[in-house]
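Undergrad: Please model the complete structure; the sequences and the hints are all you need to start from.
There are 2 protein chains.
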Amino acid sequence: MRKRGNSKEWRPEHAAANGILNRRVFLEGALVAAAAGAGSTAAGAEPLPVPSWMKQPGAGFSAYGQPSPFESKVVRSIAPAPNPATQGIGTARTPLQLLNGTITPNGLHFDRSHSGTPNIDPDQHRLLIHGLVKQPLVFTLEALSRYPMQSRITFIECAGNSGALNTAQAQPGNAQAIHGLLSCAEWTGVRLATLLEEAGVEPSAKWVVAEGADAAAMSRSVPLAKCMDDALVCLYQNGERVRPSNGYPIRLLLPGFEGNMNVKWLRRLKLTEGPVMAKDETSKYTVLLPDGKAWQFVFPMEVKSIITHPSPGLALRGAGFYEIAGLAWSGQGRIRQVEVSADGGNSWAPAVLQEPVLSKALTRFRAPWQWSGGPAILQSRATDDTGRVQPTRAQFVAERGLRGQYHYNAISSWRIDEKGEASNAFA
Amino acid sequence: MRKRGNSKEWRPEHAAANGILNRRVFLEGALVAAAAGAGSTAAGAEPLPVPSWMKQPGAGFSAYGQPSPFESKVVRSIAPAPNPATQGIGTARTPLQLLNGTITPNGLHFDRSHSGTPNIDPDQHRLLIHGLVKQPLVFTLEALSRYPMQSRITFIECAGNSGALNTAQAQPGNAQAIHGLLSCAEWTGVRLATLLEEAGVEPSAKWVVAEGADAAAMSRSVPLAKCMDDALVCLYQNGERVRPSNGYPIRLLLPGFEGNMNVKWLRRLKLTEGPVMAKDETSKYTVLLPDGKAWQFVFPMEVKSIITHPSPGLALRGAGFYEIAGLAWSGQGRIRQVEVSADGGNSWAPAVLQEPVLSKALTRFRAPWQWSGGPAILQSRATDDTGRVQPTRAQFVAERGLRGQYHYNAISSWRIDEKGEASNAFA
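These protein sequence lines are chains C and H, in that order.
The letter at position 400 of the first sequence is residue 400 when you use the working numbering, and the numbering goes up by one with no holes.
The letter at position 29 of the second sequence is residue 29 when you use the working numbering, and the numbering goes up by one with no holes.
Just so you know, these hints were derived from the structure itself, not from any lab.
Each hint should be verified, as a subset may be incorrect.
Since the list gives no way to pick out one identical chain from another, each pair is judged satisfied if it fits inside one copy or across any two copies.
Said to hold, decoys possible - PhoX-like, lysine-lysine: derived pairs with alpha carbons at most 25 Å apart:
| id | residue 1 | residue 2 |
| --- | --- | --- |
| 1 | LYS284 | LYS55 |
| 2 | LYS419 | LYS73 |
| 3 | LYS279 | LYS55 |
TA: The following block contains the structure:
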């Protein structure tokens with residue numbers, strides 16, 4: 001079988017240096033075909049040989065399906081604390097570089113837990129709303145199921161995601177290791193506002209303390225305004241009941257807010273005048289500044305984007321056409337634009353955003369790239385509909401220094417070498 | 001703990017007979033709280049007792065997560081042919097009444113297979129494009145991975161879904177048993193048009209025969225126009241690689257077309273002048289009419305809706321507020337409107353459509369309902385953006401008779417009795 005040669009005859013319009021093509025390539029079939037042709041080979045013998053799996057009936061049906069055994073490497077990477085007594089303290093990261101689209105399948109949604117995943121009997125679980133309310137209320141799962149529901153596709157990102165980039169020297173790491181505390185699902189639940197209005201909010205209430213039913217009793221103070229806005233008490237994740245590692249049977253969803261505030265295994269909401277200064281918002285989840293002070297209560301995750309393809313572990317196989325693809329998001333709203341660069345940020349071209357672009361959800365972006373076979377630095381830069389733009393690494397470090405590990409949202413870089421290997425780089 | 005009584009003081013505006021409320025209930029928090037209050041109970045002792053699972057650390061992390069063991073009944077229902085030699089011939093149905101939102105988690109996506117699920121080695125799998133093309137091409141998975149991708153959230157519905165309703169007398173059955181050959185996922189893949197344009201379509205080509213790599217070599221003829229429009233050669237389902245029972249490693253996606261045409265385990269696309277009259281489009285998947293003739297090549301699934309909550313198996317627990325929720329879809333485009341009735345179609349009120357409403361995707365609708373405790377017949381009626389309206393059962397039967405089992409899209413009914421039990425009814 002021979003390689004087809006028509007891509008050699010093709011002279012696409014370049015939109016930025018080092019091979020970034022005009023998005024028009026995606027819209028005009030003939031251009032794509034010419035650009036992409038390096039991927040196919042002319043058919044030799046026809047018909048195709050009949051594979052062994054067509055010669056006998058396949059497997060029967062399963063009640064609950066699983067991925068192909070050939071995809072056994074598409075798993076979360078687990079980084080628990082080393083002590084077996086604390087096995088549930090740590091993270092399990094989403095393999096972003098092995099996924100596409102925007103939805104994270106439930107088996108691969110990232111998991112950051114502070115004392116493991118409790119095995120909660122839903123019939124025994126209760127949600128209490130109390131504190132500065134006219135009438136404390138307690139809800140069973142069955143009671144919650146009677147309330148009006150809403151669904152929304154929303155990302156959740158750990159405040160510590162990408163924190164590994166806030167070091168003086170770039171360390172090895174792939175998209176999963178560096179950025180994998182990020183996932184996106186369709187969440188369905190009851191508006192928290194509905195439940196709070198039923199309890200009756202006292203005028204003095206300004207905060208709500210949310211507590212989880214894990215052994216850590218993970219607790220965060222949430223402004224009442226957020227609870228009355230778009231907060232959901234979620235029962236469903238991508239259609240089915242919330243997964244145990246994501247808060248079964250109830251998770252608080254605070255769209256756009258840092259991951260740990262989306263309290264898992266939600267059991268208690270206490271309305272208060274001020275924040276409770278829980279261990280989880282004082283010993284952790286504050287943004288350390290160069291002068292030793294810290295920002296507390298930094299809630300929304302900032303506008304951000306990452307390139308998932310190409311990325312470390314996905315080697316390019318020779319010069320030619322590749323699609324640059326990645327994810328963009330903002331805790332403040334919708335993504336308005338993503339730009340890509342193949343020369344370390346010297347020149348930029350707009351990427352295509354996959355519709356629908358939803359507020360506080362992951363947005364898949366794509367851009368056509370003709371790799372010359374030479375070195376390249378791939379970057380992406382997101383802008384949201386509030387006008388916020390993802391900062392450069394230099395801008396970020398100038399403001400925050402190199403000590404903090406939370407809310408890192410600077411432009412990140414993959415260096416492509418002449419072998420087509422990608423690696424984490426500071427540029 | 002006592003029941004709160006404020007719902008008794010509340011007089012909501014009714015939008016249709018037998019308790020269907022105005023959608024405004026969902027928009028005004030106080031109204032929802034009053035309507036929904038029957039679900040909660042006033043808190044007795046505070047604080048809540050500490051459950052056993054908070055007294056010790058929880059489970060550690062898992063590489064690929066699973067649902068809670070308490071959800072072990074949320075599974076597909078399997079209806080294979082009775083002969084063990086044909087274990088892979090039949091269906092596995094999605095438990096629609098136990099899900100919410102619009103995305104079907106991959107483990108529960110319905111599965112209709114004609115000779116079981118082949119265990120395909122992706123490194124050995126090939127896709128051949130041949131027939132009336134300038135240059136036959138063969139693609140490996142790795143080659144396909146280099147092409148530009150698109151993502152879209154799309155329903156797939158088996159042509160035989162709901163066919164159990166096309167009988168003279170209503171039979172017992174829940175939403176899963178009757179309507180469960182219906183699922184929705186975010187699919188990601190390469191535009192088929194891109195691959196066809198690379199091969200070069202001969203002017204005489206008008207059809208494309210798609211063949212699967214199962215032992216049935218499941219084959220369907222697809223109009224070339226559809227292939228050049230929105231067809232995708234999918235590699236990903238809800239972010240991860242397509243599941244084995246849904247076509248791993250490649251599934252053809254023909255948005256809106258009947259399920260079996262979305263050929264699983266896609267291995268061959270042959271461009272032809274006419275349809276090939278494959279066994280799968282002559283012995284099956286034709287629409288039998290009262291006069292003994294049949295419609296062939298009925299591709300798009302018709303505008304349709306079903307109520308998932310309440311539905312058989314989800315008994316109501318006493319008079320009061322309930323949310324009527326369900327799914328609407330059309331193979332022709334977007335859902336424009338869904339109306340609900342609690343009196344068997346004598347009066348109707350519009351439901352709320354969950355945004356975003358996407359073309360050829362499931363749309364979740366919801367409507368507030370104050371159940372009196374008396375008998376009710378719940379129905380939903382969808383209209384799509386082409387103006388097509390879901391027919392009544394009488395209209396459907398008058399045109400099609402009672403012999404066909406495919407493309408049944410009439411309004412369906414759940415009868416609610418005075419105990420709150422729901423059952424399939426013809427009304």
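Undergrad: Which hint numbers does the structure go against, in order from smallest to largest?
TA: none
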